[in-house]
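Trainee: Using the hints provided, position chain X relative to the given structure of chain L.
Number of protein chains: 2
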Amino acid sequence: MTIITGMHVLDVRAPTSRTLAGSDAVHTDPDYSVAYVVLTTDDPKLRGHGFTFTLGRGTEVVVAAMNALEHLVIDRDLDTITEAFGLWHRELTNDTQLRWLGPDKGVIHLAVAAIVNAVWDLWAKREEKPVWKVVADLSPQRIIDLIDWRYLDDALTKAEALAILEALAPSRAARVQQLRSDGYPAYITSAGWLGYSDAKVRELVAEALDAGFTRFKAKVGISIDDDLRRVRFMRELIGPERPLMVDANQVWDVPQAIEWMGHFTDLNLTWIEEPTSPDDVLGHAAIRKALAPMGVATGEHAMNKVLFKQLFQAKAIDFAQVDACRLGGLNEVLAVLLLAAKFGIPVCPHAGGLGLCEYVQHISAIDFIVVSGELDGRSCEFADHLHEHFVDPVRVVGGAYQLPQRPGYSAEMWPESLADLAYPHGNVWVAPHEC
Amino acid sequence: MTIITGMHVLDVRAPTSRTLAGSDAVHTDPDYSVAYVVLTTDDPKLRGHGFTFTLGRGTEVVVAAMNALEHLVIDRDLDTITEAFGLWHRELTNDTQLRWLGPDKGVIHLAVAAIVNAVWDLWAKREEKPVWKVVADLSPQRIIDLIDWRYLDDALTKAEALAILEALAPSRAARVQQLRSDGYPAYITSAGWLGYSDAKVRELVAEALDAGFTRFKAKVGISIDDDLRRVRFMRELIGPERPLMVDANQVWDVPQAIEWMGHFTDLNLTWIEEPTSPDDVLGHAAIRKALAPMGVATGEHAMNKVLFKQLFQAKAIDFAQVDACRLGGLNEVLAVLLLAAKFGIPVCPHAGGLGLCEYVQHISAIDFIVVSGELDGRSCEFADHLHEHFVDPVRVVGGAYQLPQRPGYSAEMWPESLADLAYPHGNVWVAPHEC
Numbered sequence: 073m074t075i076i077t078g079m080h081v082l083d084v085r086a087p088t089s090r091t092l093a094g095s096d097a098v099h100t101d102p103d104y105s106v107a108y109v110v111l112t113t114d115d116p117k118l119r120g121h122g123f124t125f126t127l128g129r130g131t132e133v134v135v136a137a138m139n140a141l142e143h144l145v146i147d148r149d150l151d152t153i154t155e156a157f158g159l160w161h162r163e164l165t166n167d168t169q170l171r172w173l174g175p176d177k178g179v180i181h182l183a184v185a186a187i188v189n190a191v192w193d194l195w196a197k198r199e200e201k202p203v204w205k206v207v208a209d210l211s212p213q214r215i216i217d218l219i220d221w222r223y224l225d226d227a228l229t230k231a232e233a234l235a236i237l238e239a240l241a242p243s244r245a246a247r248v249q250q251l252r253s254d255g256y257p258a259y260i261t262s263a264g265w266l267g268y269s270d271a272k273v274r275e276l277v278a279e280a281l282d283a284g285f286t287r288f289k290a291k292v293g294i295s296i297d298d299d300l301r302r303v304r305f306m307r308e309l310i311g312p313e314r315p316l317m318v319d320a321n322q323v324w325d326v327p328q329a330i331e332w333m334g335h336f337t338d339l340n341l342t343w344i345e346e347p348t349s350p351d352d353v354l355g356h357a358a359i360r361k362a363l364a365p366m367g368v369a370t371g372e373h374a375m376n377k378v379l380f381k382q383l384f385q386a387k388a389i390d391f392a393q394v395d396a397c398r399l400g401g402l403n404e405v406l407a408v409l410l411l412a413a414k415f416g417i418p419v420c421p422h423a424g425g426l427g428l429c430e431y432v433q434h435i436s437a438i439d440f441i442v443v444s445g446e447l448d449g450r451s452c453e454f455a456d457h458l459h460e461h462f463v464d465p466v467r468v469v470g471g472a473y474q475l476p477q478r479p480g481y482s483a484e485m486w487p488e489s490l491a492d493l494a495y496p497h498g499n500v501w502v503a504p505h506e507c
Numbered sequence: 073m074t075i076i077t078g079m080h081v082l083d084v085r086a087p088t089s090r091t092l093a094g095s096d097a098v099h100t101d102p103d104y105s106v107a108y109v110v111l112t113t114d115d116p117k118l119r120g121h122g123f124t125f126t127l128g129r130g131t132e133v134v135v136a137a138m139n140a141l142e143h144l145v146i147d148r149d150l151d152t153i154t155e156a157f158g159l160w161h162r163e164l165t166n167d168t169q170l171r172w173l174g175p176d177k178g179v180i181h182l183a184v185a186a187i188v189n190a191v192w193d194l195w196a197k198r199e200e201k202p203v204w205k206v207v208a209d210l211s212p213q214r215i216i217d218l219i220d221w222r223y224l225d226d227a228l229t230k231a232e233a234l235a236i237l238e239a240l241a242p243s244r245a246a247r248v249q250q251l252r253s254d255g256y257p258a259y260i261t262s263a264g265w266l267g268y269s270d271a272k273v274r275e276l277v278a279e280a281l282d283a284g285f286t287r288f289k290a291k292v293g294i295s296i297d298d299d300l301r302r303v304r305f306m307r308e309l310i311g312p313e314r315p316l317m318v319d320a321n322q323v324w325d326v327p328q329a330i331e332w333m334g335h336f337t338d339l340n341l342t343w344i345e346e347p348t349s350p351d352d353v354l355g356h357a358a359i360r361k362a363l364a365p366m367g368v369a370t371g372e373h374a375m376n377k378v379l380f381k382q383l384f385q386a387k388a389i390d391f392a393q394v395d396a397c398r399l400g401g402l403n404e405v406l407a408v409l410l411l412a413a414k415f416g417i418p419v420c421p422h423a424g425g426l427g428l429c430e431y432v433q434h435i436s437a438i439d440f441i442v443v444s445g446e447l448d449g450r451s452c453e454f455a456d457h458l459h460e461h462f463v464d465p466v467r468v469v470g471g472a473y474q475l476p477q478r479p480g481y482s483a484e485m486w487p488e489s490l491a492d493l494a495y496p497h498g499n500v501w502v503a504p505h506e507c
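Chains as they are written, first to last, in the working numbering: chain L, 73 to 507; chain X, 73 to 507.
Pulled out of the complex, with its shape left as it was, chain L reads as follows (with noise of 0.2 Å):
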């Protein structure tokens, strides 16, 4: 048994938007932040650490959340969550009165991804394996079992989501020994934000190609004209034939997107991302048809499991995003990868931000090994951005994330970045000019 004790947390602020990092049409000053929470134990050496990513103003509005649901953590025992993880997830996202804030969606939900993080980095560190390697040794019937399965059996019951398992336990090996030896494709996104001067994306593609790099995505959605010369000229500078994605966050309505996206069909890009507001199935569908061969992506803002089963049922979306943190955590990102094997969409996580590369490797990595056993048409976000704050930062070698090997969640942050970055009393926040 290992019963938590306490649960603390804390609001934590970068002050990314004095350099644009992380700009694009809708975020336009993005402070990159995490309501960050720390699970101790009746044992003083383990300690489980999580966190949900914000942009800074209304972090605090999220630490109101993750204390609200303080009485369904506090006093449970680690073996008794996970052995049916499940059932209290459900426990977690159900609570009778705290329910009408989502259910399942919002401030409430970003709390629960926190707190359920947390709860497997603290599993993973007592089991001294990193998360990705916690789930890789579980059988396909646990791997069920971590699951809230209500609200999907309309698209996957749970008998074709344990056969899928089934059918990848026995090579599961194999898979891991792919990943130690080349690592997880990775695509880059922090070349090519809205705020950056074309000397400086110029400058940025130049060192991620040497670095490995060969797939690169922009932002569009200011202006049509603006838009298309930044994007020719990114696919000038990395060649005809890499993968080059953009990313709208949510500016059009469906059939301005449509329009938009008209103008750049000689680009060969391999997707739009975010068309129009994420919680629009119809209308990512609507787009992907009018836009066809190119693709379409969403899942930053795909709120819960029921959003994404009906991108698939509806055929709207050729990429699956998850976010580590914007569903209810890894149980539910399980439930998602679990989906998009059924329908056949490849999952390309959402990172960025303040530790979501952290997270996401590991998303990425039980989706090959475990779920689908696939790398075909996928690949994993990277932003190198702010790795400096964690204990166990992501290492991303030749354009790919290298498996992670230290206990955990990678969700750790160093003490004194905690403290420095603590809002608003943190030396940052004290002393902006000075950082």
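Hint data in this document are derived by calculation from the structure and do not stem from the laboratory. If a hint is listed, it holds; no wrong ones were tucked in.
Note that the list lumps identical chains together, so a pair holds whenever it fits in one copy or between two copies.
The list that follows gives simulated cross-link-like pairs (lysine to any residue, SDA-like), each with its CA atoms no further than 25 Å apart:
(1) Lys230 <-> Gly334
(2) Lys230 <-> Pro327
(3) Lys387 <-> Ala362
(4) Lys414 <-> Gln213
(5) Lys230 <-> Ser295
(6) Lys201 <-> Arg467
(7) Lys230 <-> Asp325
Mentor: Coordinates of chain X only, in the frame set by chain L:
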């Protein structure tokens, strides 16, 4: 000019779980609550009151979200807001950092609703009119300008919406007269809570019939046998012809909803409400197709206009149950009323709880006077709880809401109620057993 000078946010909770009022298959112990806001202005006599409804725990999270929006409210001029209300609504829902917490859903959207509705209360009080009359006195073009049109025009263009409003403008006065004389039809929910005994249901149904109610709703979703017994019992009490609805509060998967409600086909039910996840547009469409001619209703958890747009596009529902503060305030409700009119779906607002009836009487009046011009298939939910806390409570006579007369959005609570129900230090919480 009227400048908003202050924003005061309160956590207000009624201990309704002690009586099981409001209990259903999912919300077994609600404490009907509100996150309440008072806007002060440079006119000491002029204040706006608004709230968003919650179920108890977590109200403090919505309070935190409302406070996070303060910078978009304070020092604003009421005239500037109301002259381009749709633009300000966009500002409130599209703050570059806060939007990550939604967008347009969950806690941050509930917070937007409270503030937006408080601005309506303020506007109406300054105009010395009830809110429904503020809208009824606006030109069609002014009503169009109340709405943030983003993400709508694949289903409803501004021009189409304007045509809907213009067609009904000349006859508005006649419908005002009709509502003044007949009121707006209500249906009653508070006779059929799951937690009530048969004896109590019998007594409440008899009272409601005596009071002139002709439409009833029962809660279902615990066990088929128990549900059948209870619904048959209510059907016997009200007779074979009066409208009877049932409400499952999201408890089923899609195939389960179809199977369960298949047992109820002989009971002449008007609708099954919330048969599954509120996010599942395609699921509702499948259920509706399977259960026709029984109607399908949803909306109290329908998070925004994009979800309603899809419910209409997918022919997923027969009745749209807009919520006055789940949607981002009256402006977004107006968008949904217009969408519903275009698609020919009757709007039957969700109400009950604490203060929701006070809000929705204005919404149904606006729908009839300004947007749809129809009563056919429409009724407005009523539950007989907690009206005594409001300065201008609903008046329901002969089963019909009477048109509100006093200036404002009927949202203002008595100072004594705000003090008694203040959480956690109000009288009802400090001395719970005396209440």
